[in-house]
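Throw the hints in and build the complete structure from the sequences for me.
Protein chains: 2
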Amino acid sequence: MNALLTDLYQLTMAAGYWQAGKCGEVAAFELFVRRLPANRNFLVAAGLEQAVDYLLNLRFEPEEIGFLRSLPQFANVEAGFFDYLREFRFTGDLFAAAEGTPLFAGEPILLVRAPLIEAQIPETYLLAQVGFQTLVATKAARIVEASGGRAVVEFGTRRAHTPQAGVFAGRAAFIGGCAGTSNVLTGMKFGIPVFGTSAHAWVQSFPSETEAFRRLQALLGPATTYLIDTYNTLDGARRAVALGRPFWGVRLDYGNLMELSRAVRSILDEGGFHDAKIMATGDLNEYKILELVAGGAPIDVFGVGTELATSSDAPSHGAVYKLVQLETGGEKRYTAKYSEDKSTLPGAKQIFRFPDRDLLACSWECHMGAEALLRPVIIGGQLVAPLPGATEAREHARAAIGRLPRKLKSLFEVEPPWPVGRSVALEQLSAEVRRNEMEVAR
Amino acid sequence: MNALLTDLYQLTMAAGYWQAGKCGEVAAFELFVRRLPANRNFLVAAGLEQAVDYLLNLRFEPEEIGFLRSLPQFANVEAGFFDYLREFRFTGDLFAAAEGTPLFAGEPILLVRAPLIEAQIPETYLLAQVGFQTLVATKAARIVEASGGRAVVEFGTRRAHTPQAGVFAGRAAFIGGCAGTSNVLTGMKFGIPVFGTSAHAWVQSFPSETEAFRRLQALLGPATTYLIDTYNTLDGARRAVALGRPFWGVRLDYGNLMELSRAVRSILDEGGFHDAKIMATGDLNEYKILELVAGGAPIDVFGVGTELATSSDAPSHGAVYKLVQLETGGEKRYTAKYSEDKSTLPGAKQIFRFPDRDLLACSWECHMGAEALLRPVIIGGQLVAPLPGATEAREHARAAIGRLPRKLKSLFEVEPPWPVGRSVALEQLSAEVRRNEMEVAR
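Heads up: the protein sequence lines correspond to chains A and B, in order.
So for the first sequence, my numbering puts the first residue at 7; every next one is plus one.
So for the second sequence, my numbering puts the first residue at 7; every next one is plus one.
You may find that some hints are simply not true.
Unchecked claim - If you only want the chain B side, here are some residues facing chain A, beta carbon under 7 Å, derived:
1. F73
2. S76
3. A229
Claimed, not checked - From the structure, some residues in chain A lie toward chain B, with a derived Cβ separation under 10 Å:
4. Y23
5. F35
6. W370
No lab work stands behind these hints, which were simulated from the structure alone.
Think of the CB as a built atom: it goes at the ideal place given N, C-alpha and C, for glycine as much as any other residue.
Right, dumping it as structure tokens:
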């Protein structure tokens, strides 16, 4: 399942490791983000459930192995490697921060410790899945923060990078704090609330707007949300009022939302519908929502699509997956890279979260008064315990983000950032590895 | 299959259309991009093959219908609707521009003509699939143009918005002109060439860089591409030369690519390896490649990942899917929207491409000397003829982009843009519909 959904070099390297007799070496790789994207003061980890599904179900089907054998890059590879692939299972360990945990630059979201080949092949899939969901959960947290307590619903599947990305965007947005999604499959797979209104095509398909509204009300009763801007927004609001109860509210999809929401609120109130809600949609993002909220626009729910499902101001965050140690027959070798702009720290790590700072340390260290964020999820190829679902992850995010200093929730970069220190042992290890690597390079 | 991978409102509206007795009405929807993204002078259509797969296989499984029935939004829906879903098939027509066709703002990429419900439900999926692939094919065409004849390979799955998006990014990038992709599944599913080198982890896993290179050469022979920047790039190049033939070339992944490629070229040439190639990777985009090419950097192949697979300077283009006509018992009604910033044109259309301009016309019109770009793909729920594969789509893109005026291939917006006119009949229809819609609104 999905074994070929990876970069070719993962599989040629696997063949090379096999031929070099490195099957028995145990590697540790860390998945982390080097720098926070612009204007972010933290990330919200997401995508672990799918990472786990992938690792536990990673298999090479005969047809996939046949395809590899047909490639010129595998022409010199010994047949034994393909036998190895046939029996391939992920037998290693996965440590991870719980979904919904706020994390910072350089902090591992995942740590994979497994025989070298088993740890190398998943790189591409894990980066894309965890990287994307983390991106969207982070964006959602910003939008929810800007909305100041009003509900935010994810509406972005149509603009997501494939429909499949839309499914996971809905999940990640929910973990980041959204109230739900419009994606029905997301709702079914992950138990997430689904929401929807109606489209301009609905209104256009009937001879009059009133007829379209009447039909919608007959269908949805108290959940009815009229899209009122197909012709004239204020006329649309008046037609909604004229039809009377039951209805939930109205949706505004374009135009000056500040002015229109006020005018529509007046029409609803004058009609006696003080409890009718106003939902706003239409190319919204955290800054536009901030302005609407700050200006007192009487909007109850924001529907956010494109900018949320594509994290459009930061459509990638350069997550990486780096080798940090390699164990061969009892001997442990630590590795790192020391180029100017892309250096990494050696050794499997742990993140210790204190009330006012994080400490990045070697995985074997203990630090009192801090929470160790990386927890065992898979050990020896077996799931340690059932994972929390999306609802629990969302609750965890809400509580954990709530414990961060208020200033970090700004929509802009704040100084100083959350402190992420390094333990003495980690600094010493890094200095030592640096000396050794210089030797290797010579 | 994927029937719930849509927005909830598509399905509640479907229920509403069914209850309103509108099953027999035949709608036409057009999928198009309102405005070209910044710096683009054309789009490259892609994603049709997946759109067709989706429409031909759209089914509601009993489990999916059960989930819908459990939702509060379907509480008032008559049981007959769920019987209808059980038998649901797409029985309509799809007209589309061939994959690889350059298109402009407002021009339909797809035209769906089907019973209203069958045309409405696919909106979300079609937008996300065709929208995304078109975005990436367009980005690829820019990068290929900037590379001035050097090969470009798509390496972006790890940064794509989910691994699944990576599969389709590789396909779309190939249609847009890339030589291939690193995604093995893309290669297997679509017959696209796959390429790869090796990673820093490969080099780090061996006791020395020379040992790592020697092992790679033993594995890949003449296809060997050494990643030479793990320690020191120039030392890496010297080690490659010292190992001798066979090898294909070297890869540079960071640093000043202009200077490093020159220095590495000298080392290769002095070693007698005039035919050894240099590949460059590392956060490249069309502008950086333009600078390298303009500066004469001796780079033979560019590997582009993040910015291509996420179209990061324009991660969405606001594709829309708009109702343009509705036929009820022989009577045809044309619809459009006339708001300031989001107006649409009524009626099913055809794009006529003349050598020096496009003409948007009503679908029934004929215009001599022009090519009609929207061709029947599905008629009455049946595929008209097998679709061209990705390789033919790539060739079509190459030829069709080649026929556009040279200035349109600029990486910046040019004035005047490619002219897209409207036929007299379309203008008349639009004026007439506008008058009628004002009546409805009253």
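Here is what the structure says about each hint:
1. F73: 5 Å, holds
2. S76: Violated: closest Cβ of chain A sits about 9 Å from S76(B), beyond 7 Å.
3. A229: At 6 Å from the nearest chain A Cβ, A229(B) passes the 7 Å test, so the hint holds.
4. Y23: Since the shortest Cβ distance to chain B is 7 Å, the answer is holds.
5. F35: Check passed: Cβ of F35(A) comes within 7 Å of chain B, closer than 10 Å.
6. W370: Because about 21 Å separates W370(A) from the closest Cβ in chain B, which is outside the 10 Å limit, the hint is violated.
Of the hints listed earlier, those the structure fails to meet are numbers 2, 6, in rising order.
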